[in-house]
Amino acid sequence: MTLLIIAYLGGALTILSPCILPILPFVFARAGQPFVRSTLPMLAGMALTFAAVATLAAVGGAWAIRANEYGRLAAIVLLGLFGLSLISPRIATALSRPVVDLGNNLLNAAGAQRTTANVRSSFVLGIATGLLWAPCAGPILGLVLTGAALKGANLQTTFLLLAYGAGAATSLAVALFAGGKIFARMRQSLGVSERIRQFAGVAVLAGVAAIEFGLDTGLLARLSYASTGSFEQVLLEKLHPKSSAPQTEVAGNGAMKVATDATRPFHSNLPIEGSAPSLDGAVTWLNSQPLTSAELRGKVVLVDFWTYSCINCIRTIPYVRAWAEKYKDQGLVVIGVHAPEFAFEKNVDNVRKAIADFQINYPVAIDNDYRIWRAFENNYWPAHYLIDAKGQIRYRHFGEGNYRQTEQAIQDLLREAGSDMAESSLVVPDAKGAEASPDLGHIRSGETYVGYSQATGFVSPEGLKADTAADYSIANPGLNQWGLTGTWTVGPEQATLNKAGGGITYRFSARDLHLVLGPSADGKPIRFQVTVDGKAPGANHGSDIDADGNGTVTTTKLYQLVRQSSDVTARNFEIRFFDPGVQAYAFTFG
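Numbering (our numbering), first residue to last: 432 to 1021.
Where hints are given, some of them may not hold.
Unchecked claim - Restricting the straight-line Cα-Cα distance to at most 20 Å, the calculated cross-link-like pairs of lysine-lysine (PhoX-like) are:
#, residue 1, residue 2
1, Lys759, Lys730
2, Lys896, Lys930
3, Lys863, Lys784
4, Lys966, Lys896
5, Lys757, Lys730
6, Lys955, Lys930
7, Lys730, Lys821
8, Lys784, Lys930
As the list claims (entries may be wrong) - Derived DEER-like restraints, expressed as beta-carbon distance ranges:
#, residue 1, residue 2, range
9, Gln823, Pro892, 37 to 47 Å
10, Ala978, Asp760, 36 to 46 Å
11, Val605, Asp902, 40 to 50 Å
If you are wondering where the hints come from, they were derived from the structure by calculation, not from laboratory data. The beta-carbon is built from N, C-alpha and C at its ideal position, and this holds for glycine as well.
Make the full structure from the sequences, and use the hints.
Written out as structure tokens, the structure reads:
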């Protein structure tokens, strides 16, 4: 229910987003018409179509995206005719008979010739509007679409998208109600209804042109990031916090004490949260044969959900690795469940290399189909679940941090299982490079995706062009803004460089800057050079480049490119690639 409320409120906030501007003329063409028979069918058609298309795009793959493109083209033609018919009925009558009939239906729905609106044509107009509507992807829509992609087709996905569409429809209805009263007064006082109708037709054509030229997902999306993203983030933090689970209890200091009565077994005060799900469903296992619940009975099990290019996961690895080593003889079994975020993370060879680079020796289940993820009803990277010797979940924690409480819970459950280990200090890993803890006091930049499905802050003046090679440029981005230079093809997950010499510029404020990069499709290494404020990084270089900024992309992973060694302040980051084919996925900071 909380997620439904968040989705609804996120949709309602779209009225504040510039990305709504291209479809406003279609909606305001209903001003002054009966709400039930004209406005409501149009808004319902828009919300239902958006939910259906977004669900298919999230879970249906490339075929659904192609089908939606055909629908967008048909909608652009249909709404273009609608705009022309509003401007001049003579233009409509000059068209061929089938098109004239359709144009007249839409014209009647807009109230140009009848006082009674046509429900059916209003609904058709709503469907066309829903096919064209591309809401700016803020934190709330990003949460909904990510969950849809991970959990697959299900009723929750559809209901969340319907709630988002209903929120947008509600705010548009309120705006339309206010606009209708203004238009009615103008008609009564000025007698300019014909001019208003023609103006609406021009506005409709302008909206169609804006959508056709990509302004709804380019320039307007960049404006929207600043206008609504902060509101949505506040909603998420208030109603759906990601960093921890409210119902989780952690082992306190009292739970760490060994029972003074040696005749009575020790019992932890950690709550019993239900039986642990099965670990069946992994496509393969690394570092181990598949482990079953029966084999793990009698052991304390730490299940760590992670993905190898996630910076939050990378920073927890030193602790998980240290716990696995320290407590393996006491009965602890650590199992990493690798659930990919990007497509390249489904490549088992990529995961195998990452495990070797991170020096992970404990078993790792490759959960490419998210079957274990769904069984645990998990939603986060990283996520830690502690299972006791009886197979019951006793503790969970989401995100980084809480290392002290998590280790105390491990010790607690080991003692409950019969371990007689002596009390010892908690682990303090010597983490280096990207594994080092973040400088939270100085982070003013957040995770930024490069692929168009979740891209934010993009300010190249050419606008982001999806799935087509295009030339880009960038001048002076503001804080947390970025752009491309050279010829790139931007896909839903990543941008691919078509010609050598291209680059990426980002103005950020944080101690560390990381960028997930991959080599060309043929696996050839990609040489690159980084500058900070136009100069070689020197002492501010990250662990994956030298002081002159030189580095090489050899495998698809997260690369640490900047670590500010002195005062942390806003900097201009630029990376230039000397070879074509590099793939850029996401920026993260620490």
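Results of checking the hints against the structure:
no. : hint                         : result
1   : Lys759 to Lys730             : holds (10 Å)
2   : Lys896 to Lys930             : holds (17 Å)
3   : Lys863 to Lys784             : holds (19 Å)
4   : Lys966 to Lys896             : violated (30 Å)
5   : Lys757 to Lys730             : holds (15 Å)
6   : Lys955 to Lys930             : holds (14 Å)
7   : Lys730 to Lys821             : holds (8 Å)
8   : Lys784 to Lys930             : violated (28 Å)
9   : Gln823 to Pro892: 37 to 47 Å : violated (57 Å)
10  : Ala978 to Asp760: 36 to 46 Å : holds (43 Å)
11  : Val605 to Asp902: 40 to 50 Å : holds (42 Å)
The structure does not agree with the numbered hints 4, 8 and 9 stated previously, though it agrees with the rest.
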